Amino acid sequence: MLRGATGVAIALPWLEIMGHEKTASAQSVTTAKRYLTVFQPGGTVTFTDQNGTVPSDRFWPTGTSDAPVMNTINKPLAAIQKKLLFLQGLKMGPANTGEQHQEGIVGLLTGSKQLNGPDTYSGYASIDQVLSNRFATGPTPYTQPTLEMAVRWATGKSHGRLSAINSLNFAYEGKHSPIEPRIDPQQIFKMFANLTPDSSGARAIETARTKSVLDLLDKRYTKLAARLGAADKLKLQEHLDKIRKIELNLDTIVQGTSVCKAPTAVDTKGYNPSTGLQSSNDGSTVDTSTDALIPKVGQFMMDMMVMAMACDLTRVGTFQWTDTEAKHTFPWLNLNSHHHFYQHDGGFRPDECTKIDTWYAEQHAYLLQAMDKVDMGGHTLLDESVVFFGSELSHPGNHRKDNMPFILAGNGGGLKTGRHLKFPAGQRSSNDLLVAILNLFGDSRTSYGEPGFNHGALSLA
Amino acid sequence: MRRLTRFEYNNTVAELKLDTSNQAVNLAAELDGNGFGNDADNQPVSDTTAAAYKQVAESIAAAVTAPDTLPKFLPCAANIAASAEVACVRGLVEGLLPQAYRRPLDAGEADEVVALFQSSRVASTFAKSVASVLEFTLQSPDFLYRPELGVPVAGRADLLRPTGAEMATRLSYFLWGTQPDDSLRAAAAAHALDTTDGVRNQATLMLADPKARKLVTFFFDNLLPISNLAQLERTGVAGFSSKLGAAMRQETETFLEHVIFDGEGTWPAALAADYTYVNEDLAKFYGIAGVTGSEFRKVSDLNHRRGLLTQAGMVAGPLASDKGNPVTRGGFIVKKLLCQNIPLPTGDIAALVKTPPADPTKTTRERFAAHSVNGACRGCHINMDPVGFAFENYDTIGQWRDTEQNLPIDASGDSPLVGKFNGPSEFAQRMAESPVAQACLASHWVNYAYGRKLPSAGSDACSVLSVQSKFKDSGYNVQKLLLSVAESDAFNYLPAVRE
Numbered sequence: 001m002l003r004g005a006t007g008v009a010i011a012l013p014w015l016e017i018m019g020h021e022k023t024a025s026a027q028s029v030t031t032a033k034r035y036l037t038v039f040q041p042g043g044t045v046t047f048t049d050q051n052g053t054v055p056s057d058r059f060w061p062t063g064t065s066d067a068p069v070m071n072t073i074n075k076p077l078a079a080i081q082k083k084l085l086f087l088q089g090l091k092m093g094p095a096n097t098g099e100q101h102q103e104g105i106v107g108l109l110t111g112s113k114q115l116n117g118p119d120t121y122s123g124y125a126s127i128d129q130v131l132s133n134r135f136a137t138g139p140t141p142y143t144q145p146t147l148e149m150a151v152r153w154a155t156g157k158s159h160g161r162l163s164a165i166n167s168l169n170f171a172y173e174g175k176h177s178p179i180e181p182r183i184d185p186q187q188i189f190k191m192f193a194n195l196t197p198d199s200s201g202a203r204a205i206e207t208a209r210t211k212s213v214l215d216l217l218d219k220r221y222t223k224l225a226a227r228l229g230a231a232d233k234l235k236l237q238e239h240l241d242k243i244r245k246i247e248l249n250l251d252t253i254v255q256g257t258s259v260c261k262a263p264t265a266v267d268t269k270g271y272n273p274s275t276g277l278q279s280s281n282d283g284s285t286v287d288t289s290t291d292a293l294i295p296k297v298g299q300f301m302m303d304m305m306v307m308a309m310a311c312d313l314t315r316v317g318t319f320q321w322t323d324t325e326a327k328h329t330f331p332w333l334n335l336n337s338h339h340h341f342y343q344h345d346g347g348f349r350p351d352e353c354t355k356i357d358t359w360y361a362e363q364h365a366y367l368l369q370a371m372d373k374v375d376m377g378g379h380t381l382l383d384e385s386v387v388f389f390g391s392e393l394s395h396p397g398n399h400r401k402d403n404m405p406f407i408l409a410g411n412g413g414g415l416k417t418g419r420h421l422k423f424p425a426g427q428r429s430s431n432d433l434l435v436a437i438l439n440l441f442g443d444s445r446t447s448y449g450e451p452g453f454n455h456g457a458l459s460l461a
Numbered sequence: 001m002r003r004l005t006r007f008e009y010n011n012t013v014a015e016l017k018l019d020t021s022n023q024a025v026n027l028a029a030e031l032d033g034n035g036f037g038n039d040a041d042n043q044p045v046s047d048t049t050a051a052a053y054k055q056v057a058e059s060i061a062a063a064v065t066a067p068d069t070l071p072k073f074l075p076c077a078a079n080i081a082a083s084a085e086v087a088c089v090r091g092l093v094e095g096l097l098p099q100a101y102r103r104p105l106d107a108g109e110a111d112e113v114v115a116l117f118q119s120s121r122v123a124s125t126f127a128k129s130v131a132s133v134l135e136f137t138l139q140s141p142d143f144l145y146r147p148e149l150g151v152p153v154a155g156r157a158d159l160l161r162p163t164g165a166e167m168a169t170r171l172s173y174f175l176w177g178t179q180p181d182d183s184l185r186a187a188a189a190a191h192a193l194d195t196t197d198g199v200r201n202q203a204t205l206m207l208a209d210p211k212a213r214k215l216v217t218f219f220f221d222n223l224l225p226i227s228n229l230a231q232l233e234r235t236g237v238a239g240f241s242s243k244l245g246a247a248m249r250q251e252t253e254t255f256l257e258h259v260i261f262d263g264e265g266t267w268p269a270a271l272a273a274d275y276t277y278v279n280e281d282l283a284k285f286y287g288i289a290g291v292t293g294s295e296f297r298k299v300s301d302l303n304h305r306r307g308l309l310t311q312a313g314m315v316a317g318p319l320a321s322d323k324g325n326p327v328t329r330g331g332f333i334v335k336k337l338l339c340q341n342i343p344l345p346t347g348d349i350a351a352l353v354k355t356p357p358a359d360p361t362k363t364t365r366e367r368f369a370a371h372s373v374n375g376a377c378r379g380c381h382i383n384m385d386p387v388g389f390a391f392e393n394y395d396t397i398g399q400w401r402d403t404e405q406n407l408p409i410d411a412s413g414d415s416p417l418v419g420k421f422n423g424p425s426e427f428a429q430r431m432a433e434s435p436v437a438q439a440c441l442a443s444h445w446v447n448y449a450y451g452r453k454l455p456s457a458g459s460d461a462c463s464v465l466s467v468q469s470k471f472k473d474s475g476y477n478v479q480k481l482l483l484s485v486a487e488s489d490a491f492n493y494l495p496a497v498r499e
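These protein sequence lines are chains A and B, in that order. Residues 1 to 461 in our numbering are what the first sequence spells out, letter by letter. Residues 1 to 499 in our numbering are what the second sequence spells out, letter by letter.
Each hint should be verified, as a subset may be incorrect.
Claimed, not checked - For each label pair, taking beta carbons as the anchor points, the in silico distance ranges come out as: (1) Ser289/A - Ala238/B: 17 to 27 angstroms; (2) Ala66/B - Tyr172/A: 16 to 26 angstroms; (3) Arg445/A - Ala461/B: 49 to 59 angstroms; (4) Ser469/B - Gly117/A: 52 to 62 angstroms; (5) Ala262/A - Ala123/B: 21 to 31 angstroms; (6) Leu250/A - Gly379/B: 51 to 61 angstroms; (7) Thr196/B - Arg445/A: 50 to 60 angstroms; (8) Ala66/B - Leu333/A: 38 to 48 angstroms; (9) Ser289/A - Arg367/B: 29 to 39 angstroms; (10) Asp414/B - Asn51/A: 24 to 34 angstroms; (11) Glu264/B - Asp215/A: 39 to 49 angstroms; (12) Ser466/B - Tyr172/A: 30 to 40 angstroms; (13) Thr196/B - Gly117/A: 50 to 60 angstroms; (14) Ser474/B - Thr53/A: 51 to 61 angstroms.
As the list claims (entries may be wrong) - Derived SDA-like pairs (lysine to any residue); straight-line CA-CA distance at most 20 angstroms: (15) Lys211/A - Lys354/B; (16) Lys190/A - Glu58/B; (17) Lys54/B - Thr207/A; (18) Lys242/A - Asn42/B; (19) Lys219/A - Asp106/B; (20) Lys245/A - Glu58/B; (21) Lys354/B - Thr53/A; (22) Lys128/B - Lys233/A; (23) Lys480/B - Ala40/B; (24) Lys242/A - Lys354/B; (25) Lys233/A - Pro495/B.
Derived by calculation from the structure, the hints in this document are not laboratory data. Keep in mind that this is a model prediction, so the values were computed, not measured. Where is the CB? At the ideal position from N, CA and C, for every residue including glycine.
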């Protein structure tokens, strides 16, 4: 960091020196640089009946494996399909040993089952956290080690609280460590405050003042922790750890560039991010005002996720659409019952689910195209990334977890896209995919999560 | 070591005169844990948690130190001369910090916070520098967490007692959901909380404070399915409105407050009472004559109702939309009020689960018959469905009905847990007589007070049994239950060696 006389720091361009790259192969591809998970609840439509016995595939491409043709639900992705890799036939490793929905979201990025059955979490870290740790050796340059966002989160039985129903990310091995996503778009927007020039120096003064508060807190946490027993000490140390990260990040000032600039502020009045606190188990509490703003807020938050990556504020993100209960309505689609109702509460409704899933595909297309428009210096943001689009199950009518609706996007690490790979049913698992993703980032392990669910990395590059 | 929940944070910052705008809604979501969000083992801290505490602290500090509010909060700040600033802030720190830390200050603790003010003051305004003090206080571990260092116990190297200040904190968060007040702090300083008798006496006084009623209401708002009644969506059912739902919630809250604090005092009385509390709207709904006006008053002229479980909010609350579901109704009672652990279906059994389709020739009971016929289902559902069927005479908004689709309703049943009954009033009576139901309520209060999710390991088990046994001896009196929790060993001691 260079400091000028006024105390304003100028960020140096980040150099590819950190030694995480795989040795260059004959194709000489860059190690993947950024990872993004996009979660959509409620699987997709491949049957018409509740019990999944009458096939009607509206998700998987037709055509050939090297020239796929988008099916009904994924038509919105046609414009970006050259950057997509469809992976058909994978099963979730842990299928139906915990609670049907929870297990899918808890297991999606961890390759594990719920640690102690329903309402509990994973004993493994999620791969996004593993990747973030990988990037973070040495002084962490990123304001946000990981950036988790969720739109219309914690509906239904979770009542606005973090629970196994809505947790996708887990920080640590060996103990319950779910990470709650950021849900308030206006608060997330504050992350970009540094991108407007600090001409009067006022922001620098505020930053210094905040740092002095954090410094005293550091002293206090350390002092109190020293007087406590081991378990309590650990709690305070973890908290202190987070405070220290906040302080470290205050020092990171990102230079605005032609690709990195604060996204346009969006008025989200009427959208209550915490509306889940008033939710009822069955989704009978309806917040139409908030639900109606999901498209606008979702797009704003996607824009911010893209810009956070473009500005190198983070390298690892999670974009979560609601949760596995998904007990909110879709007023703009004229669907006035909640998603779970169409999944199975009211009996599986293939047409309504198709409408919903197609809308999610449109959002995903928007996100990927936005990433593909950012020039990171001779290649796009999407080129250097791996984006994993998935759900907690495949057929919502009866919570099937075979043939999971998984799509990868981006060319990070040499991921070969524009393809549709089909794996023989029941043979390969989501764990195999998680390992393959890790490998794209130069992490060369051969298994991840629950050992029994692994069959070796999928070959994707 | 426990951390303040959002409910507690809000109450505490209000007691500190810092904020009354429910800022805690912006804090990180609590894990579901023991159902009250306050169990110490389920309070992780992530980047977002820490960021949220910071954000909320800054938000509150900014509001307090705004030009029109600062002089009201800190009178010496009005038109303050530069030379008077440090003394003014020292006064603030010496008054605020011991309350926020919930203990007397150690040497140097006030000084370091005054020094923080002074270092901010070099480049920032007076108001912003005062904000530093508040931002620090609201994020400090002594405020957010409840550390307990304890004092030795004569003759017991394995135990400590909480210090007076720590016991005051235990009592005030247990019975009032907020920080200690002046009287409690004085009692701690006078060593009145150094013995179990002293703790019990103090708890008795505290139960007489209105804050105890607020806490008890909070407890039941979490335990019972009543906090969302105003938002129930029952578009297909005539006669329901958000206003009515809110009244149903208030009925149950008012009723329980009365029973526990002013009336018979016992849980069986709550379960089998022949009276309730209604306002005009609810009286019309229930078909009770002669009630006008919006205040809630006691009525005994009940038709088809008996006790807590038959109140409209209690039978409407567990239900999905405007479709009846005896499984969720029965499941709520069996899991929450009888403390039975009934796991959700998994694997092959889960694949069998589907909602029985609507059928104009069948009652709900008949439509759900598969649960008692199919061997895979029966094992669990034998516990829940009979209980749910007992309430089939109440529709999805809690209204009595004699028939369903013009078919007669059979509300008789046999619960393995509470025995035989015919109809909801008899079921309520069985619950009132059930030792399992009483022990269950006791264990929820223990969970809440100890900040645990039972079953807990080790020495707590004896305290729990003792509390449940005293509950029984007292005739299941709820205030006495709270007192026996306060005088239990687990509440009065902590282990000397923490892992």
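Here is what the structure says about each hint:
1. Ser289/A - Ala238/B: 17 to 27 angstroms: 25 angstroms, holds
2. Ala66/B - Tyr172/A: 16 to 26 angstroms: Violated - the Cβ-Cβ distance for Ala66/B and Tyr172/A, about 40 angstroms, lies outside 16 to 26 angstroms.
3. Arg445/A - Ala461/B: 49 to 59 angstroms: 43 angstroms, violated
4. Ser469/B - Gly117/A: 52 to 62 angstroms: Cβ of Ser469/B to Cβ of Gly117/A: about 31 angstroms, so the range 52 to 62 angstroms is violated.
5. Ala262/A - Ala123/B: 21 to 31 angstroms: 25 angstroms, holds
6. Leu250/A - Gly379/B: 51 to 61 angstroms: 57 angstroms, holds
7. Thr196/B - Arg445/A: 50 to 60 angstroms: Given range 50 to 60 angstroms: holds, Cβ gap about 55 angstroms.
8. Ala66/B - Leu333/A: 38 to 48 angstroms: Holds, since Ala66/B and Leu333/A (Cβ atoms, about 43 angstroms apart) stay within the stated range.
9. Ser289/A - Arg367/B: 29 to 39 angstroms: 36 angstroms, holds
10. Asp414/B - Asn51/A: 24 to 34 angstroms: 32 angstroms, holds
11. Glu264/B - Asp215/A: 39 to 49 angstroms: Distance hint for Glu264/B, Asp215/A is violated at roughly 57 angstroms.
12. Ser466/B - Tyr172/A: 30 to 40 angstroms: Given a distance of about 37 angstroms, which is inside 30 to 40 angstroms, the answer is holds.
13. Thr196/B - Gly117/A: 50 to 60 angstroms: 38 angstroms, violated
14. Ser474/B - Thr53/A: 51 to 61 angstroms: 58 angstroms, holds
15. Lys211/A - Lys354/B: Distance of about 56 angstroms is beyond 20 angstroms: violated.
16. Lys190/A - Glu58/B: 13 angstroms, holds
17. Lys54/B - Thr207/A: Judged against 20 angstroms, a Cα distance of about 13 angstroms means the pair holds.
18. Lys242/A - Asn42/B: The given pair, whose Cα atoms are some 17 angstroms apart, holds under the 20 angstroms limit.
19. Lys219/A - Asp106/B: 15 angstroms, holds
20. Lys245/A - Glu58/B: 18 angstroms, holds
21. Lys354/B - Thr53/A: Holds, at about 14 angstroms.
22. Lys128/B - Lys233/A: Between Lys128/B and Lys233/A the Cα gap is close to 32 angstroms, so the pair fails against 20 angstroms, i.e. violated.
23. Lys480/B - Ala40/B: 25 angstroms, violated
24. Lys242/A - Lys354/B: Violated, at about 45 angstroms.
25. Lys233/A - Pro495/B: Measuring from Cα to Cα gives roughly 15 angstroms; hence the hint holds.
Violated hints, in rising order: 2, 3, 4, 11, 13, 15, 22, 23, 24; the structure is consistent with all others.
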